[in-house]
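> Take a look at the letters that make up each chain.
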Amino acid sequence: MKGYIINKKQVIWDGIIGFFLITILFLFISFIFEKLDYRFEWGGLKEYFFYYDNGIKSGLILNGIFFTLKLSLFIIMTSTFLAIIFAIIRFLSPNFLGFPIYLITETLRTIPPLVVMYMFYFFIGDRLIPDVLLTFIEGNNIVNFLVEFFVSDLSIFKQFFAASIGLAFYEASYISEIIRGGLNGISKTQVEAGLSLGLNRYHVFTKIILPQALEKSFPAMAGQYVSIIKNTSIASVVAIPELTFVSMEVLATNRLTFEIWLIIILIYLIINIILSMGIKMLDIKIKLKYF
Amino acid sequence: MKKRFIMLMLIFLLPIFAFSASEVNTLDKILKSGKLRVGMSSFVPWAMQTKKGEWVGFEIDVARRLAQDMGVKVEFVPTKWSGIIPALLTSKFDIIIGGMGITPERALKVDFSQPYDYSGMSMVANRSKITATKLSDFNRSDVVIAVRLGSTAATVASQVFPKATIKMFDDEAQAIQELLNGRATAFVSSAPLPVFLAIEHKDKLYLPVKETFTKEPIGFAVRKGDQSFLNFLNSWITIVSSEGWLDKRKRYWFETKDWEHLIK
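Protein chains in written order, with the working numbering: chain A, 92 to 382; chain B, 51 to 314.
No lab work stands behind these hints, which were simulated from the structure alone. Small disclaimer: the values here were computed from a predicted structure and weren't measured. One should not assume that every hint holds.
Okay, the calculated beta carbon distance ranges per label pair [stated by the list, open to error]:
(1) B/Glu-104 / A/Val-223: 29 to 39 angstroms
(2) A/Glu-229 / B/Lys-265: 36 to 46 angstroms
(3) B/Gln-118 / A/Ile-377: 51 to 61 angstroms
(4) B/Arg-115 / A/Thr-114: 25 to 35 angstroms
(5) B/Gln-118 / A/Lys-376: 56 to 66 angstroms
Derived DSS-like pairs: lysine-lysine, alpha-carbon spacing no greater than 30 angstroms straight-line [unchecked claim]:
(6) A/Lys-100 / A/Lys-380
(7) A/Lys-279 / B/Lys-53
(8) B/Lys-254 / B/Lys-265
(9) B/Lys-252 / B/Lys-123
(10) A/Lys-137 / B/Lys-85
(11) B/Lys-300 / B/Lys-184
(12) B/Lys-53 / A/Lys-137
(13) B/Lys-254 / A/Lys-137
(14) B/Lys-102 / A/Lys-161
(15) B/Lys-274 / B/Lys-82
(16) B/Lys-130 / A/Lys-161
(17) B/Lys-130 / B/Lys-314
(18) B/Lys-307 / A/Lys-148
(19) B/Lys-314 / A/Lys-161
(20) A/Lys-161 / B/Lys-85
(21) B/Lys-314 / A/Lys-148
(22) A/Lys-148 / B/Lys-85
(23) A/Lys-137 / B/Lys-130
(24) B/Lys-130 / B/Lys-102
(25) A/Lys-307 / A/Lys-99
(26) B/Lys-102 / A/Lys-321
(27) B/Lys-53 / A/Lys-298
(28) B/Lys-314 / A/Lys-137
(29) A/Lys-137 / B/Lys-252
(30) B/Lys-130 / A/Lys-148
(31) B/Lys-314 / B/Lys-179
(32) B/Lys-123 / A/Lys-161
(33) A/Lys-148 / B/Lys-123
(34) B/Lys-130 / B/Lys-217
Using N, Cα and C, we set each Cβ at its ideal position, and we do this for glycine too.
Produce the entire structure from the sequences given, and follow the hints as far as they go.
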């Protein structure tokens, strides 16, 4: 027990060290630029985060950050859901129903994420969302508001869907392998014990095997979540207004190349350091439960 | 094994259900949905985003006026320039209004309206790398020319400077940074961007030739085989250019810098 309490402090230390490293990184970068003879202009950039127009409004880059977070959350939820289903199907029926799943995951795992993104955007995206659905959403005020709030502006609904479903499938193909590993890691004796206690096969699976497998595969899954947030930047190639795309647009207009890139680096670092800290905390909780 | 074989057969049957494209009249579709979806890409001063996220620029004015005259709302779909034609072909938007030069290769894939504007290639060079006063000075093997991927500048540069190395970038900003860092000798792009750059970085960059060295027509691009939409666009261009409206907007965006406070 005692060992893990110290670990909690360690998580906070990890965070502090992370931010310390960022500072060093920036000092290092500024040292390089000293030699590059590049004029930094940070002054005008704050309005890309906040500006005044009858009260404080969020600027372009801040909206991009929100969108990245929304996209990440969407992909994390969808891909976890898909991955659990994939893993269960492959675990229970490896030869029949599991076979197409095996083909899908194997294919996605051998294609670069950028290509997956283009594939879904150009070939599959339009088939997923029929125009009828869009007109329905537009016609209904409540649905329209909900969609624009939780998902995206209607004008980029198709792109958003294509990109997020594409990335969700891509990530799910990795996560499902992790969960399958977890399922295979539960020993047969537990199944036998459950059956001999009088539980049926369904209950043995849902009450004994699945919860343990999910908890055991959590740390590896969480690592994948960090990579999901990073991979959302790939969605910029299909013109989704997430952080990278918005920043590139800003860059094309004001040409403050290094300022904008440094800001992008900093924002991704901050988001992912906070996420990894949270994951470690949860990880400790799970370990406490088992040992 | 037998189970797996059955599944494999089922998978091979899948493509039968896929792909059933249908031809629709774009003009009707736009009027019916009340929305003109315009594909474009950030490019000073054609299309730029202000800090508040509003679109401004010459092409934006043109698109807004077009939508207003059609009586529909305009919707901008910013897209990467290198992928803008495939995105049009797969109906991500209805029309490209983004200063797209009419070239034979592009005209094979999309239909162009009559030109509503002319643009030319211009060049800006790095002072520390080369001192030249004519174009032929750049046709050397040690010259590196930065251009934007998929733009007409890329084609023109390799035609005019066959001996030089052409470096292509996905975004204008990266190409410019390459020039400023001295890893590229010169940067070729549609006027007036090179002129603006030479003014902005007086100490580093200069204009080897004052005039533009090509003249290229700019048109709207739409999907192939949509003659009625194309006819409408051509009539519209004739009307607004005889009004003098196009020239007026062009002068505002290309010859003044009154709009600069919007983006800096």
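> None of the hints should be skipped; say for each whether it holds.
Hint check results:
About 31 angstroms separates the C-beta atoms of B/Glu-104 and A/Val-223, a value consistent with the hinted range of 29 to 39 angstroms. For A/Glu-229 and B/Lys-265, the hinted distance range of 36 to 46 angstroms is satisfied, since their beta carbons lie about 43 angstroms from each other. For B/Gln-118 paired with A/Ile-377, a C-beta distance near 59 angstroms keeps the hint of 51 to 61 angstroms intact. As the Cβ distance of B/Arg-115 to A/Thr-114 is approximately 50 angstroms, the hint placing it in 25 to 35 angstroms is violated.
B/Gln-118 and A/Lys-376 have their C-beta atoms about 59 angstroms apart, which keeps the hinted 56 to 66 angstroms range intact. At most 30 angstroms may separate the alpha-carbon atoms for a hinted pair to count; A/Lys-100 and A/Lys-380 meet this at roughly 18 angstroms. Our distance criterion of 30 angstroms between C-alpha atoms is met by A/Lys-279 and B/Lys-53, whose separation comes to about 25 angstroms. A distance of roughly 27 angstroms separates the Cα atoms of B/Lys-254 and B/Lys-265; the hinted pair therefore holds under the 30 angstroms criterion.
At most 30 angstroms may separate the alpha-carbon atoms for a hinted pair to count; B/Lys-252 and B/Lys-123 exceed this at roughly 42 angstroms. A C-alpha spacing of about 33 angstroms is found between A/Lys-137 and B/Lys-85, which places the hinted pair above 30 angstroms, so the restraint is violated. Restraint check for B/Lys-300 and B/Lys-184: satisfied, since their Cα atoms lie roughly 28 angstroms apart, inside the 30 angstroms limit. As the CA atoms of B/Lys-53 and A/Lys-137 are separated by approximately 61 angstroms, the hinted pair breaks the 30 angstroms bound.
Taken as a hint, the B/Lys-254 and A/Lys-137 pair is honoured in the structure, with Cα atoms around 28 angstroms apart against an allowance of 30 angstroms. Restraint check for B/Lys-102 and A/Lys-161: satisfied, since their Cα atoms lie roughly 20 angstroms apart, inside the 30 angstroms limit. For the suggested pair B/Lys-274 and B/Lys-82, the alpha carbons sit about 20 angstroms apart, so the restraint of at most 30 angstroms is met. Note on B/Lys-130 and A/Lys-161: the hinted pairing holds, with a Cα-Cα distance of about 22 angstroms set against a maximum of 30 angstroms.
With a C-alpha separation of about 22 angstroms, the suggested pairing of B/Lys-130 with B/Lys-314 holds against the 30 angstroms cut-off. Between the alpha carbons of B/Lys-307 and A/Lys-148 the distance comes to roughly 27 angstroms, so the proposed pair stays at or under 30 angstroms and holds. For the hint linking B/Lys-314 to A/Lys-161, the alpha-carbon distance of about 29 angstroms falls within 30 angstroms, and the restraint holds. Distance restraint check for A/Lys-161 and B/Lys-85: the Cα-Cα separation of roughly 26 angstroms lies within the 30 angstroms cut-off, and the hinted pair is therefore satisfied.
Of the supplied pair hints, the one linking B/Lys-314 and A/Lys-148 holds, its CA atoms being roughly 18 angstroms apart against a limit of 30 angstroms. With a C-alpha separation of about 27 angstroms, the suggested pairing of A/Lys-148 with B/Lys-85 holds against the 30 angstroms cut-off. A threshold of 30 angstroms between alpha carbons decides the hint, and for A/Lys-137 with B/Lys-130 the separation of about 25 angstroms falls inside it, so the pair holds. Restraint check for B/Lys-130 and B/Lys-102: the C-alpha separation of about 21 angstroms stays at or below 30 angstroms, so the hint holds.
In summary, the hint linking A/Lys-307 to A/Lys-99 is supported, as the alpha carbons are separated by about 19 angstroms, within the 30 angstroms threshold. For the suggested pair B/Lys-102 and A/Lys-321, the alpha carbons sit about 26 angstroms apart, so the restraint of at most 30 angstroms is met. For the hint linking B/Lys-53 to A/Lys-298, the alpha-carbon distance of about 29 angstroms falls within 30 angstroms, and the restraint holds. At most 30 angstroms may separate the alpha-carbon atoms for a hinted pair to count; B/Lys-314 and A/Lys-137 meet this at roughly 12 angstroms.
Distance hint between A/Lys-137 and B/Lys-252 is fulfilled; the C-alpha atoms sit about 27 angstroms from each other, no more than 30 angstroms. Proposed proximity of B/Lys-130 and A/Lys-148 is supported: the alpha carbons are some 27 angstroms apart, at most 30 angstroms. A threshold of 30 angstroms between alpha carbons decides the hint, and for B/Lys-314 with B/Lys-179 the separation of about 29 angstroms falls inside it, so the pair holds. Using a Cα cut-off of 30 angstroms, the hinted pair B/Lys-123 and A/Lys-161 holds, with the two alpha carbons roughly 27 angstroms apart.
Annotation: proposed proximity of A/Lys-148 to B/Lys-123 holds, straight-line Cα distance about 24 angstroms (limit 30 angstroms). Distance check on the hinted pair: B/Lys-130 and B/Lys-217 sit about 18 angstroms apart at the alpha-carbon level, within 30 angstroms; holds.
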